[in-house]
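**Student:** For reference, the chains in residue letters:
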Amino acid sequence: MGILEVKGVNKRFGGLQALGNVNLSVTENTVHAIIGPNGAGKSTLLNCLVGKLIPDTGSVLFDGQSVLGRKPHEINQMGISRVFQTPEIFADLSVFENVLIPCFAKRDGAYRLHAFETIAAETDILGKAEKMLRDVNMWDKREMHAGALSRGDKRRLEMAMCLSQSPKLLLLDEPTAGMARADTNNTIDLLKEIKSRGNITMVIIEHDMHVVFSLADRITVLAQGSPLVEDVPENIKGHPKVKEAYLGEAAH
Amino acid sequence: MDALILQTLNGLDKGSAYALIALGLTIIFGTLGVVNFAHGTLFMLGAFCAVTLQRIIGISETIIDPTKKDFLGNPLKVEVPYLQAWFGHDTAAAITNWSVPLSLLLTVPVMVGIGVVMERGLIKHFYKRSHADQILVTFGLAIVLQEVIKHFFGANPIPTPAPAEFAGSIDFGTMLGFPPNAIVYPYWRMIYFLFSLFVIGGVFAFLQFTTFGMVVRAGMADRETVGLLGINIDRRFTFMFGLAAVVAGTAGAMYTPINSPNFHMGMDFLVLSFVVVVVGGMGSLPGAVLSGFLLGILESYASMNWIKDIIPGIDQIIIYVIAIVVLLTRPRGLMGRKGVMED
Amino acid sequence: MLGLGKKDLMFLLIVVLLTLTAPILLNPFPEGSAMAQFNAGYPDLMQRIAIFAIFAVGFNILFGLTGYLSFGHAAFIGVGSYAMVWMMKLLTMNILPGLILSIVMGGLFAVVIGYVSLRRSGIYFSILTLAFAQMCFNMAYSVLTPITGGENGLGPQIADPRILDAVNTSGSVPEVNLFGLSMRATYKMDLWGRLFQFNAGYYVCGILSVLMFYLALRIFRSPFGMMLRAIKSNQHRLNYTGLNSKPYMLAAFVISGMYAGLAGGLMAAMDPLAGADRMQWSASGEVVLMVILGGVGTMLGPVLGAGFIKYFENIFSKINDSVLHDWFSIFPKWLENLLVGILHPFVGQGWNLTLGVLFMLVVIFLPGGLIEGGQRIGRLFRRKPDAKGPAPASTPAE
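Protein chains in written order, with the numbering used here: chain A, 27 to 278; chain B, 14 to 356; chain C, 444 to 841.
Be aware that one or more of the hints could be misleading.
[To be verified] 27 Å max Cα-Cα, derived DSSO-like pairs, lysine-lysine:
1) A:Lys-267 x A:Lys-194
2) A:Lys-263 x A:Lys-221
3) A:Lys-263 x A:Lys-78
4) A:Lys-269 x A:Lys-194
5) C:Lys-450 x A:Lys-78
6) C:Lys-449 x A:Lys-180
7) A:Lys-221 x A:Lys-132
8) B:Lys-141 x C:Lys-675
9) A:Lys-267 x A:Lys-97
10) A:Lys-97 x A:Lys-180
11) A:Lys-132 x A:Lys-78
12) A:Lys-154 x C:Lys-449
13) A:Lys-194 x A:Lys-180
14) A:Lys-154 x A:Lys-33
15) C:Lys-450 x A:Lys-97
16) A:Lys-221 x A:Lys-180
17) C:Lys-761 x A:Lys-157
18) C:Lys-449 x A:Lys-78
19) A:Lys-218 x A:Lys-194
20) A:Lys-97 x A:Lys-194
21) A:Lys-132 x C:Lys-675
22) C:Lys-689 x A:Lys-194
23) A:Lys-263 x A:Lys-218
24) A:Lys-132 x A:Lys-97
25) C:Lys-761 x A:Lys-154
26) B:Lys-137 x C:Lys-675
27) A:Lys-263 x A:Lys-154
28) C:Lys-776 x A:Lys-154
29) C:Lys-776 x A:Lys-97
30) A:Lys-180 x B:Lys-141
31) B:Lys-163 x C:Lys-689
32) A:Lys-180 x A:Lys-33
33) C:Lys-776 x C:Lys-761
34) A:Lys-154 x A:Lys-180
35) A:Lys-269 x A:Lys-33
36) A:Lys-132 x C:Lys-776
Keep in mind that the hints were calculated from the coordinates and are not lab data.
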């Protein structure tokens, strides 16, 4: 029984079958990659995992509990964090504050009225946020407006925000999209390090095969809304069905 | 039953005004993506076009009439409108009598001018700014225009009568078999209702049957894509803003015999018209028209005595109550589309 | 100290000093001189500035931090005013119970209106709040006349019970007071040819406004304030970070409603008559303008905006054509007449026109308000362009 169990998920948009009978089981503390050609339903699947879309049929269980129909903040409180395709950060706030907010959310839950407390007095949270920023090498940029960061830095900041909550499951939607090679390698190293510290499960959606094969323990190939193959990376590389799916797309 | 019919009729003219303003608001919002808090002021400016024409017609020269003497025996000074001097007595009287309908001839070009100047000079620069900024700057403009009118025309309502031919009322009741005087409806209100139907029909036909209108409708459905097609959106935006201004302005000019215009009528109508737009569904033209008439009629029902006896004061707040209920149960309004104004 | 950093503490101290010495600072021109009309150091005006500063500071907690534009805050002003007058009628002419009730009532109304309005965001939120405020206004004018006095307004009468006060034998309405200190009590000091007036009512308003300013400062610097700014910045991310933005928004709305309730209560305390026109949408628009003019989301901005608008409202409405002719008498006659003709619509009765023009100019050219204007000028003098762009968001500009 994996930490994330997707069973018989179907999703239709009008006449388009976006997801057809998807079954997926993600084992705890592994990195599971979902790849597939454009339009294969990767993003739809991810949106189903975080409750943003509700499948027509089927179930999504995290830690034995259903995530369907829950609000984003409830999903997060269950231990799921998400990195978006375009970095979602608090652009008007400083980098440091960007990391402080998830730390508060982790400690205090969905809501607490600390209107007359001061941030300066919260030494443990300040310390945690500082450590997090140092981990991603952004401590010297803590005073900057998050909106003024480079795209790579924004991505790293977003990951720092997610990781500061020590989530059980981290969902990454194309974490290296639009990054320069060096930034991509940094991100891979960062994710590898996170993985090595253990106690975290990751689901990655990615186009960049370099990233996928450096990180993933298992890979699911999605084509036209259904899982084609699921296996360890070594077996995926030369798999005839996978080639067909990708080349079939390229032939268009 | 007769009371219900009467109130339905009474609601129609206010509903027409709401519908016309809301139609313009929706056009502006749908095509330009701008929340125009000065739209009620355009309605008010239209009304004052009618007042202006009335004043212009009344401009007179003072001549000394040697044939008449005042009580001191001096020759009598009489004011003779230029109009009368030029066209003779009968024509002048007819023009004066018909000044409100004739004022449309003045209102249309004036409103086109105001609309174009407003869009080119101000609104254009706010396409990319936040809705809050748009609300604030148009709100400021509304205050300015309103105060300018107050400066020139004073704070009191200015009576502008309808042509004498339409001054009376029609007794609908007798036609439907009710006793006389049960359902009495003034002619001009009926004219106003027909006029609004005509304008609404015209706008819809324009959007439906011309290529220009087609592009505009496409733009309302998906602004970005139409921008990508290489169509000169700017000029169309200006045109649509002018059109919305004309709709609001003529609605205001024709409304003057029903309610004497004053400088703050625009804001009074604006608040209600926004509620109408929201109830109808932001960005939906049929929704705006439908909810305009609906709210006008419901407001009229709520002012019936037996309803006021059950819920005192309901006539004052009915529109707001409806708006709140609609927004909470159907967040997109009666006919709103998905994805408009949602964050 | 006081839970503030060193910089904030200094800042607060300066605000306290300015408030206490305002009757002197705002009276720079000698009595009887031509410039005396520009003095602002008399009780009525200073009270109004302090009261509107409270209103604007509270509004800024909602609009400045979360970006939600409410067009209905005047409703809370009205509710606060009525609460105050009713306490004066029923309990006592001492303003304390009235102030407490006006805060409570402002808060209660804000809970109801906020709970409903906050189900939607953006322009829908603005229109819902506007609808609620207009509804309150219409009801105050019509059905609720027994409670609100309708068109005539509501004020304490001689015959009112006032169960906590001693029996009134004076034959007139007793003075509004705070534990016996009359709000109209004024200590006048003739010094250096200037008349300084130290008025009890002003000091009540002033001290309360400093207190409310301090509370707002604490909120700005608190984790709660940071969450509110995060809502403005990216509500989507905030929700995916595990925070429920709804209760945060409602708390901010209620807090700003309580500020407005207090301001309304003080208005009625300084001038014991509550009228429905305080609830009209134009009053809501005025506070938006104050905040925008001063600088949205800054600490000092709303105070500056409130002071600026109330001061110039007062000055402008006093200027008439003869004053204008006086000013421009040094120019040739035709120029004098031209200038007077141009300015005439903007002064005297034309204050609203000036306000509207100002509103547009600020939104178009100076979206950051006076504070941003000041910073720009400051930067011009230092001639040192900021390498990092705008100041870090953790310390909003003061």
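**Student:** Does Lys-154 (chain A) lie within 27 Å of Lys-776 (chain C) when you go C-alpha to C-alpha?
**Tutor:** Since the Cα atoms of Lys-776 (chain C) and Lys-154 (chain A) sit roughly 73 Å apart, the hinted pair is violated (cutoff 27 Å).
**Student:** Check the hint pairing Lys-194 (chain A) with Lys-180 (chain A) against an upper bound of 27 Å on the C-alpha distance.
**Tutor:** Distance ~22 Å between Lys-194 (chain A) and Lys-180 (chain A) Cα, so the pair holds.
**Student:** Are the Cα positions of Lys-263 (chain A) and Lys-154 (chain A) separated by 27 Å at most?
**Tutor:** violated (40 Å)
**Student:** Check whether the Cα positions of Lys-132 (chain A) and Lys-78 (chain A) lie no farther apart than 27 Å.
**Tutor:** Given that 27 Å is the threshold and the Cα spacing comes to 21 Å, the pair holds.
**Student:** Run the distance test for Lys-163 (chain B) versus Lys-689 (chain C): straight-line Cα separation, threshold 27 Å.
**Tutor:** This hinted pair is violated, its Cα atoms lying about 43 Å apart.
**Student:** Can you confirm whether the C-alpha distance between Lys-267 (chain A) and Lys-97 (chain A) stays at or below 27 Å?
**Tutor:** violated (37 Å)
**Student:** Given the proposed pairing of Lys-269 (chain A) with Lys-194 (chain A), does the C-alpha separation stay at or below 27 Å?
**Tutor:** violated (33 Å)
**Student:** Please work out if Lys-776 (chain C) and Lys-761 (chain C) have their alpha carbons no farther apart than 27 Å.
**Tutor:** Given that 27 Å is the threshold and the Cα spacing comes to 23 Å, the pair holds.
**Student:** Taking 27 Å as the top limit, are the C-alpha atoms of Lys-449 (chain C) and Lys-180 (chain A) close enough?
**Tutor:** Distance ~32 Å between Lys-449 (chain C) and Lys-180 (chain A) Cα, so the pair is violated.
**Student:** Straight-line Cα separation of Lys-689 (chain C) and Lys-194 (chain A) no greater than 27 Å?
**Tutor:** holds (25 Å)
**Student:** Taken at face value, is the distance from the CA of Lys-776 (chain C) to the CA of Lys-132 (chain A) at most 27 Å?
**Tutor:** violated (74 Å)
**Student:** Going straight from one Cα to the other, do Lys-218 (chain A) and Lys-194 (chain A) come out at no more than 27 Å?
**Tutor:** holds (16 Å)
Going through the hint list in order, the structure does not satisfy hints 1, 3, 4, 5, 6, 9, 14, 15, 17, 18, 25, 27, 28, 29, 31, 32 and 36.
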